[in-house]
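With the hints as your guide, set chain B onto chain A.
Protein chains in written order, with the numbering used here: chain A, 24 to 438; chain B, 141 to 440.
Calculated directly from the structure, the hints in this document are not laboratory data.
Here the structure is a predicted model, which is why all the values come from computation and not from measurement.
Watch out, some of these pointers could steer you wrong.
What the hints assert, rightly or not - Quick look at which bits of chain A chain B covers, simulated, 3 or more residues with Cβ under 8 angstroms:
1. 32–46
2. 238–251
To be verified - 25 angstroms max Cα-Cα, derived DSS-like pairs, lysine-lysine:
3. A:Lys32 - B:Lys318
4. A:Lys251 - B:Lys210
5. B:Lys268 - A:Lys32
6. B:Lys250 - A:Lys32
7. B:Lys210 - B:Lys318
Backbone N, C-alpha and C fix where the C-beta goes; we use that ideal spot for every residue, glycine too.
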Amino acid sequence: MRNTFLIAKREYLEQIRGRAFRLSTIGLPALFAVIIGVGYVSSLGLGAHKHLIIAANDAALANDIRDQLLSDKDGKANVDVVSPATPDARGALIRKVQTRAIDGVLWIETPAAGLPKATYSSQASGDFITNARMKKALNDGLVDEHLTGAGMKQAEANAVVKGISIDTFQVRKDGTVVKSNAEMSFWKGYVMAILLSMTTMIYGLNVARSIIQEKTSRIFEVMLATAKPSDMLAGKLIGVGAVGLTQIGIWLVAAAAILVTPFAAVLLTGDLAIHFSWTESVLFPVYFLLGYLLYSSLFAGLAATCETEQELQMYMPLAAAPTWLSFAMIILIINDSNSIWSIAASLFPPTAPIIMFLRMASQIPPLWQFAVSISLMILSIWATLWMSSRLYRVGILMYGKRATLPELLRWLRYS
Amino acid sequence: MPVVELAGVTKAYENKVAVSNLSVAIDAGQMFGLLGPNGAGKTSSIRMMMGITIPDSGRISLFDKPFERKSLERVGYLPEERGLYKKMKVLEQLVFFGQLHGLAAEEAHKRAVEWARRMEISDALAKKTEELSKGMQQKIQFIASLLHDPGLIVMDEPFSGLDPVNAALVERTLLELKSQGNAILFSTHRMDQVEKLCDSICLIDNGQAVLAGNLREIKASYERNHVIVEFEGSPAFLNSEEIAEAKNFAGHAEIKLKPHGNAQKLLHEAAAVATIYRFELVEPSLEEIFILTVGGKADA
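Next up, chain A with everything else stripped away, as it sits in the complex (with noise of 0.2 angstroms):
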């Protein structure tokens, strides 16, 4: 014990002395910033100041159309009306987009009987914003026509066509109400998740990197000279398990402080509310916890096989695939956080962690789920511990060339 208190405090000091853990715990919510910034002001202009013709024999259709485009202040739109809407103005018009003199035509062919029938022609097929803004603009318009050509005053059909927004409210299970916001949910469980996986793999691997080093710099012969391999081990991981706790420890200090500033306070309100429950607080260093174990303990077998990094490198796709069958499950888990998809996925050990945390971000898992999901990691990570102290045992002592498979079956036997 006492020896494995030694190489953990080793290892420890000598992570956090280092410059990429200064580096890491300034650089990665910084790196989140710049890409959440960066996306958040690049979508600001997306489908904004096009140059649109509408042209339609209705002319009042058109003219609503257009007023409907010009309502929407994100769109900036330069809307003009044609009409009536003769064949040989819609060759020209198609002609006009060819040169880019305009970005796009809505044609509105408006029959004696039925619904009228419109195509849109642009050179831009992805622009799905401009799409979905034309959309909804004709049929607000012809919403409005049949209210007003029904005899209904402009203002109370403007009002129909206008809609009223719904204000949500999560019901908790202590009886407590909150305001929800369906889309902030998701990006709160969105980014704990991206923090809760990046952190874990980065430690494993650190774990599995200093193992390789070790190995590299022959230092395993002094060391098994006086300590257990299973006590090298367990210092190892607790030493390079700590590190990640602290800085985890130091993000949230971080983050605390900057969301009692009056700038948060600000920017964190009404919609952009965000409510993190004690649960949260607490299941995320436990779950990072878990997840580290398991995929450090995993990481540390097979680099006790590994001559190289490069070597290592060639397991990294394997035991990174439950990591983005996770976020391949993202809309699923959002969406219905309690279908059998979502419990088995947050019970399933290599994916529990991040499932977990989508899930609790639009709605906390009954406890009963909180139990299995962190015994069945318990157990999962002394199954792994189990084997890589095995192959760690035998593995560190092999130079020269990597192990074959039936090797490292071998290597599981040896008692």
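Same frame as chain A, now just chain B:
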């Protein structure tokens, strides 16, 4: 009572027997040489002694007790494959290894400073290992294995990477440790050092002991059929019919006589053509015994 004893120890890896029925015992105050060609089983034997691997059969005792990990706190080990933490400062590293061997941090610190002074590396204590030369790193590893004042010192090639001045320093230190009653085992290819330092040896080949015992007695058991001649004049006497093999190093010749070669006759022949300053009939060197015993396949 021996400080370390291997009794009938065998270790096999898959299809290869690394060590077969090996018995070795080293007493306190004894310097013991474990010799053998590459792949003979020296490192495997040492690893079993250090509890790094477990023998398939046989018995290992440390300090007169069956092997237990606790006893390793009284063993100093310098493996052939050197290893230090490159990013760690030397003093921190020495304290860390001292603590692993059961010392308190303060005591380890005090001893590290004292040993650094003794081994003339005090200036390096505040530096990172990666900033030091190979020879300096070798001395740090040497200190790390001795910091806890072990009763048994196991050294695999302790002189490799050292210049003659530092090799002499290590040699003096080992002799001091021996005189203090420590048992020292070292494995090396440097036969001159074994001859100079060791009381007893065990030569192993293919995992088996092929020659073992007191070094003086082993050498004495060989016929004195080697002659060292220092001379000035013609080397023509080196073609004598009494000689099986001769090496001439400009006035210093090392000669092996034929099985029934006559040394007196050779002395007359030499004196007839050259002035003789030294003519000494000696036992074969350990290197020759080594080559003779392992059939000339060793690379020592």
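Consistency of the hints with the structure:
no.: 1; hint: 32–46; in the structure: holds (count 3)
no.: 2; hint: 238–251; in the structure: holds (count 12)
no.: 3; hint: A:Lys32 - B:Lys318; in the structure: violated (35 angstroms)
no.: 4; hint: A:Lys251 - B:Lys210; in the structure: holds (11 angstroms)
no.: 5; hint: B:Lys268 - A:Lys32; in the structure: holds (18 angstroms)
no.: 6; hint: B:Lys250 - A:Lys32; in the structure: holds (20 angstroms)
no.: 7; hint: B:Lys210 - B:Lys318; in the structure: holds (23 angstroms)
When each numbered hint is compared with the structure, a violation occurs for hint 3 only.
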